[in-house]
Structure formats: C-alpha cells, structure tokens
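Peer 1: Sequence:
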Amino acid sequence: MAYKLLAEEEYQDYKQKFLVFLDGLSEEEKAQLHDERLKMARHDRLRDKQELYDLGKPKRPPNGYMAFVRSSLHERGDVPMKQFMKELADCWRNIPKEEKEIYEEDARIEREKYKKELEEWEKKMIEIGREDVVRKSSFVKAKRT
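The end of the sequence shown is residue 145 by the UniProt record's numbering, with every number in the run present.
Take the hints with a grain of salt, since some may be wrong.
Straight-line alpha carbon distances no greater than 30 Å define the calculated DSSO-like cross-link-like pairs of lysine-lysine that follow [to be verified]: (1) Lys86 x Lys59; (2) Lys57 x Lys136; (3) Lys39 x Lys59; (4) Lys113 x Lys136; (5) Lys82 x Lys39; (6) Lys39 x Lys49; (7) Lys97 x Lys113; (8) Lys4 x Lys136; (9) Lys113 x Lys124; (10) Lys136 x Lys115; (11) Lys113 x Lys49; (12) Lys124 x Lys49; (13) Lys15 x Lys39; (14) Lys59 x Lys97; (15) Lys100 x Lys115; (16) Lys49 x Lys82; (17) Lys86 x Lys100; (18) Lys17 x Lys4; (19) Lys30 x Lys15; (20) Lys123 x Lys86; (21) Lys57 x Lys15; (22) Lys59 x Lys123; (23) Lys59 x Lys136; (24) Lys113 x Lys100; (25) Lys86 x Lys97; (26) Lys136 x Lys123; (27) Lys57 x Lys113; (28) Lys30 x Lys59; (29) Lys59 x Lys124; (30) Lys59 x Lys49; (31) Lys115 x Lys97; (32) Lys30 x Lys113; (33) Lys59 x Lys113; (34) Lys100 x Lys123; (35) Lys116 x Lys57; (36) Lys49 x Lys123.
Rather than coming from a laboratory, the hints here were simulated on the basis of the structure.
Please build the complete structure, drawing on both the sequences and the hints.
Peer 2: Printed below as a string of structure tokens:
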C-alpha cells in the first residue's frame with residue numbers, strides 16, 4: 001500500500017507544479033495549449049476510427065429517417081442542400097404513418113443484420129487477440145461461453 005501513497009503524493013506534486021506552470025503562461029499561450037490538446041484529441045479519434053475501418057468493423061446502419069433521406073436525395077436537383085434538408089425534415093414529420101413504417105422496417109432489418117455482423121466481427125477480434133477494439137459487453141459474453 002505504500003506505493004499507492006507514494007503515487008498519490010507524486011500526483012499531487014505534479015498537479016501543483018502544473019498549476020504553477022499554467023499561472024506562468026499568458027492567455028495566448030494558454031489558448032494555444034488548449035488548441036493543441038484539442039487537435040491531438042481529434043487526431044487520436046480519427047486514428048482510432050481509421051483503425052476500426054482497417055480491421056473491417058461493420059458500419060452502423062441508418063435509422064428510418066436517414067433511410068428516407070437516402071431514398072429522397074435523387075429529388076434534390078439544384079436546390080441548396082440546407083434548404084433541401086429542411087424540406088425533407090418537414091416532409092418526414094408530415095408523412096403518413098404507414099409510409100414511415102416502411103422506412104422504419106427497412107431500418108430494423110438493417111439493424112438486425114448489423115448486430116449479427118458486429119458479433120461475428122467481435123468474435124474474430126477476440127480470436128486474433130484484439131480485445132481492445134471490442135465492446136466490453138461483448139467481451140464478457142465471449143468469456144462466459
């Protein structure tokens with residue numbers, strides 16, 4: 001347990017030194033440091049997303065509304081995208097329930113297909129030793145069986 005106390009002391013010492021460091025920075029330097037951290041975080045997220053793509057992770061399926069948008073894009077013509085999307089949103093709100101259910105059903109079928117593909121992909125990742133890219137809930141299920 002002594003190592004935990006030592007680690008906590010070192011962390012508190014680090015925090016104090018970091019606050020002193022930040023106090024010594026100008027507002028411009030603080031803003032620059034913040035921007036650099038945001039840029040690094042964005043880069044990390046993009047790298048992680050690219051890695052999942054490279055590993056062949058299935059893409060999430062569209063919901064009912066997105067399926068509707070996808071099927072309606074050919075009707076756009078020369079209308080600006082922002083205006084077209086507003087018109088589609090209004091159309092979706094006013095569309096009859098029966099027609100909406102067609103898109104919702106397509107989305108449900110795609111979602112079920114996606115779940116199966118994702119489970120297969122996660123099993124494959126566990127087999128090759130890449131548990132770090134698998135959802136925790138799936139990893140627990142795989143360990144039980």
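Peer 1: Has the given pair, Lys97 with Lys113, been kept, meaning a C-alpha gap of at most 30 Å?
Peer 2: Judged against 30 Å, a Cα distance of about 24 Å means the pair holds.
Peer 1: Are the Cα positions of Lys86 and Lys100 separated by 30 Å at most?
Peer 2: 17 Å, holds
Peer 1: Compare the distance between the alpha carbons of Lys59 and Lys97 with 30 Å, and conclude whether the hinted pair is satisfied.
Peer 2: Cα-Cα ~28 Å, so holds.
Peer 1: Does Lys100 sit within 30 Å of Lys113, going by the straight-line distance between their CA atoms?
Peer 2: 20 Å, holds
Peer 1: Does the alpha-carbon distance linking Lys49 and Lys82 stay inside the 30 Å limit?
Peer 2: 27 Å, holds
Peer 1: Between the alpha carbons of Lys57 and Lys15, is the straight-line distance 30 Å or under?
Peer 2: Since the Cα atoms of Lys57 and Lys15 sit roughly 39 Å apart, the hinted pair is violated (cutoff 30 Å).
Peer 1: With the threshold set at 30 Å, check whether the alpha-carbon distance from Lys100 to Lys123 stays at or below it.
Peer 2: 35 Å, violated
Peer 1: Would you mind confirming whether the straight-line C-alpha gap from Lys123 to Lys86 stays at or under 30 Å?
Peer 2: Violated, at about 41 Å.
Peer 1: Run the distance test for Lys86 versus Lys97: straight-line Cα separation, threshold 30 Å.
Peer 2: 20 Å, holds
Peer 1: For the pair we were handed, Lys4 and Lys136, check the Cα-Cα distance against 30 Å.
Peer 2: 27 Å, holds
Peer 1: Just to be careful, I want the Cα atoms of Lys39 and Lys59 compared with a cutoff of 30 Å; is the pair within it?
Peer 2: This hinted pair holds, its Cα atoms lying about 25 Å apart.
Peer 1: Do the alpha carbons of Lys86 and Lys59 lie within 30 Å of each other, as the hint requires?
Peer 2: 26 Å, holds
Consistency note: the structure conflicts with the earlier hints numbered 20, 21, 28, 32, 34.
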